[in-house]
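Following the hints, complete the assembly by docking chain B onto the known chain A.
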Amino acid sequence: MNSVQRCYFDHNATTPLAPEALETMVTCLGQVYGNASSIHHFGQSAKQRLEQARRELASLMHASPAELVFTSGGTEADNLAVLGVARARTESKRHAITTAIEHPAVLGPCAQLEREGVAVTRVRAGSSGVVNPDDVRAALRPETVLISVMHANNELGTLQPIAEISRIAREAEVPLHVDGVQALGKIAVDVNELGVDLYSVSGHKIYAPKGAGALYVRKGTKLAPISYGGHHERDRRPGTENVPGIAALGTAADLAARSLAADGERLKALRDRLENGVLERIGGSGVNGSRWNRTPNTSNLYFDGIDGEALVIALDLRGFAVSTGSACSSGAITPSHVLTAIGLASDRARASMRFSLGRSNTADHVDALVEALEASVAHLRRISMHA
Amino acid sequence: MPEAPIAVAMSGGVDSSTVAALLARQGHAIVGMTMQLWNQRRLPELWVEDQAPAGPGRCCSLDDVYDARRVAEQIGVPYYVVNFERQFEDQVVKPFVAEYLAGRTPIPCTLCNNYIKFDRFLEMADAVGARWMATGHYARTRYDAVSGRYQLLRAVDGSKDQTYFLFGLTQPQLARTLFPLGELTKPEVRELARSMGLAVAAKGDSQEICFVPNGDYAAFLNAYLKETGQETGHDPQAARGAIVTADGRKLGEHSGVHHFTVGQRRGLGVATGEPLYVISTDAASQQVVVGGNHQLLRGSFYAREVNWISIEGVTEPVRAEVKIRNKHAAALATLCATADAARVQVIFDDAQRAVTPGQGAVFYAGDLVLGGGWIE
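If you read the protein sequences in the order shown, they are chains A and B. Take any residue in the first sequence, count from 1 to its spot, add 3: that is its number in the working numbering. Take any residue in the second sequence, count from 1 to its spot, add 3: that is its number in the working numbering.
Next comes chain A alone, as it looks inside the complex (with noise of 0.2 Å):
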């Protein structure tokens, strides 16, 4: 059983590391151990690494580079944005809006901001997975201080409408953060365009290690720290930085901006013939949440009548990694917050299943993926029949 063929589908989970990010990391773990904070020769080359590795970035997100503070990843950015934000505000009365399909990193720190005190708004999406503008227009109140929406959702892979809810959060004058950490890499990413203030950046999520992560933060908005110490990243995230992997975050960033455009295509097209080759074969499968304006890679697709749980184990014995949902999720209890929050009942939501393709895949591999659940499906079907 250890010698079959695997293939990974389970990009939104993580991303097998770039050959060109390895090289980066490599060689600045060899040769590049100087403290960028330091001022002598070795100060200067790791510093030179983390700046280059700053403009690599922005520019793959059309940020200045000095609107990029590093982090150890999207969770410690999203943190940094919500808990920085809403605390850089001294009123006593506060209010926070963000959306029920958020990530748990998002999730997580207002829940924390209600235990500080901040209410908080989480607007539904509809069963198409998106969030209506009205409805976060409709939750604004005078105290609010922070609204927060994920660009691409991590389960379904549907793309919020971030320019229009900037436009509602610049008339109210209220900065906006954005999850960007299922997006950035995938799909093009412009932070001026969008009209964001805040952007959270995954660099295990494009290729590069685990461990990289950045929030961009425009120019004038108000971010208190979430941790202290030294200077580091103008005063808004102590620590001596992670240069081998913030410069492979950035040599990855460099990848992801010239492949982009082919990279989207190729996948889309490769996500089509999974989900065409799926609705063929598999009776009572469908796909959760809209078709249209989702990020290329992603397909979130139910089998009735099965669990979930059994096919992810059946599957990964066939050689075939996916997922049932956020893996920062798995082992709950409850089905999917996600697919429970665009209207799935529990039966449908348990029987769901994630496919996130990326750039190893192939369309053989796609086939293959496609054979080995209509075998699966049918035979957990026959299962639970008997049962």
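Do not rely on the hints blindly, as some may be mistaken.
Some chain B residues near chain A, calculated using beta-carbon distances under 8 Å [claimed, not checked]:
#1 Y83
#2 V85
#3 E126
#4 A130
#5 G132
#6 D285
#7 A286
Each pair of labels, with its calculated beta carbon distance range [said to hold, decoys possible]:
#8 B:S288 x A:G308: 18 to 24 Å
#9 A:R127 x B:E186: 33 to 39 Å
#10 A:V290 x B:R134: 31 to 37 Å
Hints are computed from structural coordinates only; laboratory data are not their basis. Where a beta carbon is used, it is the ideal one built from N, C-alpha and C, also for glycine.
Frame of chain A, contents of chain B only:
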């Protein structure tokens, strides 16, 4: 996939770890799976300072999953954690609570075996293409060609025998179940674990009811009822019913029949000359009847929902040794049929002490388990 694998239920303890390692060593393809049954972070008031929420000997603690995963990695087999918390709460915890509130003394392990381990787990085994499942239970099975039935037998190690908790196994379940430890003694299992270099070889045995910390089931009931909003606002310490003698004399008060089990002596809170025991409880009137040791003796009882294993059932009276709780030395009795095939009358040769409603009654013929049911 080459050979259909064996799904091994791995708890992270020494027994199931040894099963997995033994089967792997014999060259079988196996898939290790740990059942996540109960979230130990629930009911925080039950946490004990130094061992919460992942303390030793607790079911489904992160430590146990860590141990199971480590063993699977060591023997090089695929391993998964499967979440049955929802089913466990519905089919084990809720009935456990309801039985206590009804004044009976339940055995959740049997329910767990019937509805989770040999049902949901077997379904999951099916799902991943496994033909067999194996567990670390101390019991034996064999196919008897004469009767055409799968039989269940006591383990060779009588002190570890777990057949008392397995009386609900059906023929289709037994047909697909392997108990590789049934022929071994516990010291032999530990020695095997040591010789195979398993990290869990010296790990302590698990406690009796895995989801009830420190065996304090009354505290568990109170915390669970409160969390699930079933508490009626009643102070768990306040008086709720009377403690009376068989002839109706009131000796004291108590805070709910679920604190008492038949045969219990300690914790009655009443002092008289002779030692007093709980003779019976009644949930409707919240009455606890107490009396002397001799009043605990019963010559017969009825068992309901009987599952027959090694025989098809009884029509004529059948002689058997009957166990009425796990630590009970089986007593000679006659099983008599009733109009209902799943209900029998058990008539002891010698009256037995503390026949407790809600517990299992398991019928043996030597090592053979004939079947078993629930004491009415």
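Against the structure, the hints:
Restraint check, B:Y83 versus chain A: the minimum CB separation of about 5 Å is within 8 Å; hint holds. The interface hint given for B:V85 holds, since its Cβ lies 6 Å from the closest Cβ of chain A, which is under the 8 Å cut-off. Hint status for B:E126 relative to chain A: holds, with the closest Cβ pair at about 5 Å, below 8 Å. For B:A130, the interface hint holds, since its Cβ comes within 8 Å of a Cβ in chain A; the closest pair sits about 4 Å apart.
Against a cut-off of 8 Å between C-beta atoms, the interface hint on B:G132 holds, since the closest Cβ of chain A lies about 7 Å away. Restraint check, B:D285 versus chain A: the minimum CB separation of about 36 Å is more than 8 Å; hint violated. Because the smallest distance between the Cβ of B:A286 and any Cβ of chain A comes to about 30 Å, over 8 Å, the interface hint for this residue is violated. Range check, B:S288 to A:G308: Cβ separation about 47 Å, and the 18 to 24 Å hint is violated.
Between A:R127 and B:E186, the C-beta spacing of about 59 Å breaks the proposed range 33 to 39 Å. Take A:V290 and B:R134: their Cβ atoms lie about 34 Å apart, and the range 31 to 37 Å holds.
The structure fails hints 6, 7, 8, 9 (numbered hints given earlier, in ascending order).
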